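Going line by line, the protein sequences match chains A and B.
Note that the first sequence covers residues 1 to 714 in the numbering used here.
Note that the second sequence covers residues 1001 to 1289 in the numbering used here.
No lab work stands behind these hints: they were computed from the structure.
Please note that the accuracy of each hint is not assured.
Subject to a maximum C-alpha distance of 30 Å in a straight line, what follows is the list of computed BS3-like cross-link-like pairs (lysine-lysine) [stated by the list, open to error]: (1) B:1214 / B:1277; (2) A:315 / A:443; (3) B:1097 / A:264; (4) A:142 / A:117; (5) A:142 / A:120; (6) A:526 / A:537; (7) A:315 / B:1097; (8) A:352 / B:1238; (9) A:173 / A:57; (10) A:71 / A:142; (11) B:1227 / B:1277; (12) A:352 / B:1277.
Small disclaimer: the values here were computed from a predicted structure and weren't measured.
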Amino acid sequence: MASFLLEVGTEELPASFVDEALEQWRSRIPKSLADQYLTPETIDYYGTPRRLAVLIKGLPLQQPDQTEEVKGPSAQAAFKDGQPTKAAVGFAQKQGVSVDAFEIRSTEKGDFVFVRKVLKGRPIAEILTALVAPWITELEGKRLMRWADGEIRFSRPIRWLIALLDETVLPIKMVSHSVHLQSDRVSYGHRVLHPESVSIPNAEDYVSVLRSAFVEVNIDRRQEIIQAQVQEAAKQLGGVATIAPYLLREVTNLVEYPSAVVGKFDEEFLQLPAEVITTEMESHQRYFPVRTGRGENSAELLPYFITASNGDPEKSAIIAAGNERVIRARLSDGKFFFDADRADPLESYLPKLETVTFQQDLGSVRDKVDRIVAIATQLCDQLQITGDGRAQIQRAALLCKADLVTQMVGEFPELQGVMGQKYALNGEPEVVSTAIFEHYLPKGAGDRLPQTLAGQIVGLSDRLDTLVSIFGLGLIPTGSSDPFALRRAANAVVNITWAGDLALNLDRILESVVSSFAASYASVIKVSSIELLQQLKDFFLQRIHTLLREDHSLDYDLVNAVIGENDLEYAARALSNLLDVRDRAHFLQTIRRDGRLATIYETVNRASRLAAQGNLATDRLNPSQVVDSALFQKSSEQAFYDALSQLQGQTNYENLVAALGKIAPTVSNFFDGADSVLVMDSDPAIKQNRLNLLGVLRNHARVLADFGAIVKGS
Amino acid sequence: MNFQTVIATLHQFWSDRGCLIVQPYDTEKGAGTKSPHTFLRAIGPEPWSVAYVEPCRRPGDGRYGENPNRVQHYYQYQVLIKPSPDTIQDIYLDSLKALGIRPEDHDIRFVEDNWEDAAVGAWGVGWEVWLDGMEVTQFTYFQQCGGIDCHPVSIEITYGLERLTMYLQNVNSIFEIQWNDRLTYGDVHLQGEIENSTYNFEASNPELLFTLFKLYEQEAKQLMEKKLVLPAFDQVLKCSHTFNLLDARGVISVTERARYIGGIRGLARQVAQLYLKQREQLGFPLLTR
């Protein structure tokens, strides 16, 4: 058994590339080996900012021999009178065997000639030498680069290569113009703690040799070290470090030999909003904040930070002092921005929004704000919000983007909304301030939703404007391309409505937003307003469908049953009442689970299928208006009629299902009982009368769902 | 180490490593990259090694001299080497040593930072260099310039001279930097910060600036028609700076903004292409020098 080490030494890789590259190797390398009939015992992947490596253990020295079976001509064509034909000789020659080696076996298509060939396994060194260069060059990344005068593309320049089979160097070469990379056993340790090169005697020594050169190549181990050190340091300070997983991972890939270094900052900066301090620390400096306890929102910040240094632990004092100066300068900047921004009321920033583009053809953010206010007002009308509540929503809508042109948000765009909230407190009611922050929620899938009505309404208005206007420009998301995050926006509209139990008529609001857009932006709109409205409705229906299926884990067919398969009536109902479509879908799932669906499924479906042969409009629910009892011939018809009358006026879905359950035996009798009828009677009037009986039943069931879309009862 | 000593030290250091030491370019620009010593020389096959101090103007960054870290006029120390040498990171660390910063005493990191200036069709990848958490230098491997693929690739190193000197002198404000033993950075530049901030934000005449922009644009075009590449490039720089002044004044509307940036981009690309053609016609003279 042999071990193979590949190390690609580089200049500092982007932290995200280290993980992305190893992820690609994790799927590619085992497959690449399997294609060569090689199944190693273990494969370990290593990475630091300056290297990617893979250590493969338990490889055979020789590729196993492979037997290959090749099918030849049919036995009939291969032999004539016991003698090999031309075809047989030709096949034998092509396969490099004699005719004696033929085996005749029967197959489904008759007897055929087969030959078995043994492919001699090649030495592992030979195979690996040919295999590994593509592992490196075929790695994909966001922005690959060239360096010097070469054409090789990689995330950052490659500076050395190691390819060791046990203790032997395998000759791997990557050459392009003057860029000349040739594998060896020489690696490099930590940039400053071990600037000399190190020689790897044997592939299996890799991890330990690098460790002695102040490089921990095992990413998970490095991450554990950082996490433990940072928490220990926080504990010494009497606090708890806030370790965001994304930040921990990034920091892990920024250092080769981590050591936690603690720094302090002036307590006066704690007057700044906590979000400003943590944004400076986390996003800009990659520091871990320290709080009095767990819980980002409840626990107070302490005037410390912890950084995972890549320097010499003995020099921690110098390193801490340097970092303290940086955070002091950054926090002073923050304080400068905060004080300067607060010198004027939030409203005073509105005119400057005219200089910020929302979208080239859609004008400035100031224009967008006007549209948001208009939509918010319509929503207030629809939801019958009046008085102070209405005025506050309009105020929040007007101010929701004002912080974009403050100095703080200019510096830290990720603080949009957060700063607007803080600045609004200076003169605006708290409802307005909170709504400014909340209207950006949810920021991503799974994020929290706005809790206040004002936050919900402004958030809906902002997104409806974006959806209508971007669709209006014809920039509709396709496949994986959704640059304006319109799917997320539409999901948010639906989720906010659901979570807030808002009795919103999306159908109507879309119609009115589309018509004002079409009126104001006639020169840029790409399609007619009718078509635009249809596109938006279809898009929302798809989103509702996906949300119910994926986030609410409801069965596919039940979701189809409430949204309707190509049934405009259901589509319109869904969009005009988002709460009802959600409730009906959940209700269907409940009755499928508890068996009630099974008791009515057959009856309703059979009735509906037959009713489809009639022409009863789907809104007719009263049997007395469409069924003539004088035409009844059997008692089962009268019974059906009487039962239908009981269904009348059931708008509560529970009661409706109970009533349908009750009616089921009566309908069975109508179809199959001793007193059953043939629906398709030769007398057209009787036939129509019977079809109408079924039609009324179908129509009642339709109040709940399109049963035709449901694939099974249980 | 005084500000002027920092510059002198870097000059000596890069001069010793074969760089041509040139003087600041005399047209306003937002970054050392826009100097023709970098922007144009990065194009084409000819080798080039250069180091220079470049004064940069960013009108919108003015703070009337009130912010200790932010000014509308500052200096960059710019190095451009083509093709990029294999040991450039080590050479750079040696330059820090020359400034008295011993890498082994510090936490020095190369943190991903890519650069793109869509306005001039240029992009590259590289890092910001962190010295104990402070960004002191930008490293960029130029991949494209003026819309033209860079062959070979240049490495650009940009030191933030004020940041670096503040660190070396342990002062907390740009204006406290000791320029020489007698005078501070504030003595030299504070009044200019105050007056130019006032100019940039309040006193400039937008009408005049709009007119100037048009004139510079026209001039650039007519010079390009005459294949006068370098004078045309100067006019493009003037367009770019005039646009920045207008932007700082807050008078560029949304639709105008896109048009201005698009206009400058178009001009810069044309100059880059003309430059490459011109060098080709000259037979790429530096290839043999």
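Fill in: Index of numbered hints that the structure contradicts, given in increasing order
The structure conflicts with hints 2, 4, 5, 10 and 12, although it agrees with all the remaining ones.
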